[in-house]
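Colleague: Throw the hints in and build the complete structure from the sequences for me.
Numbering-wise (the UniProt record's numbering), the sequence shown opens with residue 1 and increments by one.
Be aware that a few hints might be false.
[Unchecked claim] Here are the simulated distance ranges between beta carbons: (1) 58 - 25: 20 to 28 Å; (2) 110 - 58: 49 to 57 Å; (3) 72 - 350: 52 to 60 Å; (4) 153 - 244: 34 to 42 Å; (5) 261 - 314: 14 to 22 Å; (6) 120 - 89: 21 to 29 Å.
If you are wondering where the hints come from, they were derived from the structure by calculation, not from laboratory data.
Given the structure is predicted, the values throughout are model-derived calculations rather than measurements.
We put the CB at the ideal spot given by N, CA and C, even for glycine.
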Amino acid sequence: MPNTVLPSSPAPGARRDGRVKALPDQMRQHNRSLVLTALFHDGAMSRADLARTTGLTRVTVSALVGDLVTAGLVQEQGAREASGPGKPAVVVDLDRTGLMVVGVDLSAAHEVRGAVLDLAGAVVHRAAVDRPADGDADGTLATLESLIDDLRAAATGRVIGIGVGTPGVVSDEGVVVASPDIGWHDLPLQENLRIRTGLPVYVANDADVAVLAERTLGGASENFMLLKIDRGVGGGVVVSGELARGSRYAAGEVGHVTVGTDGGRECACGRIGCLETWASVRAIETRIAAGEPAEHVLREAGERLSIAIAPVVGALDLSEIVLSGPAARLDGLMRTTAERTLRDRVFLHDDVQVRMSALGEDVVLLGANAMLLHGELGIT
1 MPNTVLPSSP APGARRDGRV KALPDQMRQH NRSLVLTALF HDGAMSRADL
51 ARTTGLTRVT VSALVGDLVT AGLVQEQGAR EASGPGKPAV VVDLDRTGLM
101 VVGVDLSAAH EVRGAVLDLA GAVVHRAAVD RPADGDADGT LATLESLIDD
151 LRAAATGRVI GIGVGTPGVV SDEGVVVASP DIGWHDLPLQ ENLRIRTGLP
201 VYVANDADVA VLAERTLGGA SENFMLLKID RGVGGGVVVS GELARGSRYA
251 AGEVGHVTVG TDGGRECACG RIGCLETWAS VRAIETRIAA GEPAEHVLRE
301 AGERLSIAIA PVVGALDLSE IVLSGPAARL DGLMRTTAER TLRDRVFLHD
351 DVQVRMSALG EDVVLLGANA MLLHGELGIT
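Modeller: Right, dumping it as structure tokens:
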């Protein structure tokens, strides 16, 4: 969330004693969120059921449901089968299959992936295109825009918004502050796409998007770090159930941490020996293709990965590390080496787990869907 700025004059709705009361629009938005969240998690129900579930009055619920039906977010599904005397109640639910989200994942080493998803996260249509060469900032932007156009055209329902997960440091406003591999710097990607498409757009760091999906759908603990390993190495950290952002929106970004003092290869950022030059899928595949034994490359990648994250685990007292990326490279020797090395390098964490994400390669797309559910519908 953006940093809170204290106003120099009383805020709208402020009391004389300094407390702030909820404004009517804020209260209505809150109540709308309660109704949509209840329907999303509990399924179709009557207006009376919604009133009991949310604690709102029947009059309030009836007005909200009417507005939501008019807005095309909720549908009346007919009368419930009568179970007693009186008129049977009309059941309402979210338009689960008619409302859709376009999600795009820019983190893969060889392609840009996208999908149209329904509100439940089911993939309705999937597409992937070859990604431009490293540093081709304009080419990557053009590829992204073209893919979004194709996905919107393939949607079979109303697209409520677009979610994008990209490597690099991304501000709360969706500005890509720095993405060395792509070549983007201070790019207002979220605003540019919003103007271009006329739809709500949410842009965030790919690892942070994956963290959102893993926390809400993947059963992760309240204290964990997710490492998105593919084209590069990105990270997101959850502490006490909350996503850590940091002073520069870069909490968990260990890909450009120098690992060891023994030199190494030149990184896309211009430095020598960054973690990405050892542990990214692209670096691993390049070394194996050049003739280095795969076991040596994967073992070294796991060791260097743990060197970078051990201080994070120790300082924040994390209980697990979740790896997200191609299982063929990550799940096996690299993962087991990382876990063993990590346990050797931290104190009081000899039970820390290193596991693969339960959500597979769609984790960023599912996170993009979750961003829209929360940002546009208030569903938590």
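Colleague: All hints, please: hold or fail.
Modeller: Quick rundown of the hints versus the structure:
Range check, residue 58 to residue 25: about 22 Å between beta-carbon atoms, so the 20 to 28 Å window is met. Between residue 110 and residue 58 the beta carbon distance is about 55 Å. The supplied range of 49 to 57 Å therefore holds. Between residue 72 and residue 350 the C-beta distance comes to about 54 Å, which sits within the given range of 52 to 60 Å. A hinted range of 34 to 42 Å for the beta carbons of residue 153 and residue 244 is consistent with their spacing of about 38 Å.
For residue 261 and residue 314, the hinted distance range of 14 to 22 Å is satisfied, since their beta carbons lie about 20 Å from each other. The hinted range of 21 to 29 Å is satisfied by residue 120 and residue 89, whose Cβ atoms lie roughly 24 Å apart.
In summary, the structure agrees with every hint in the numbered list given earlier.
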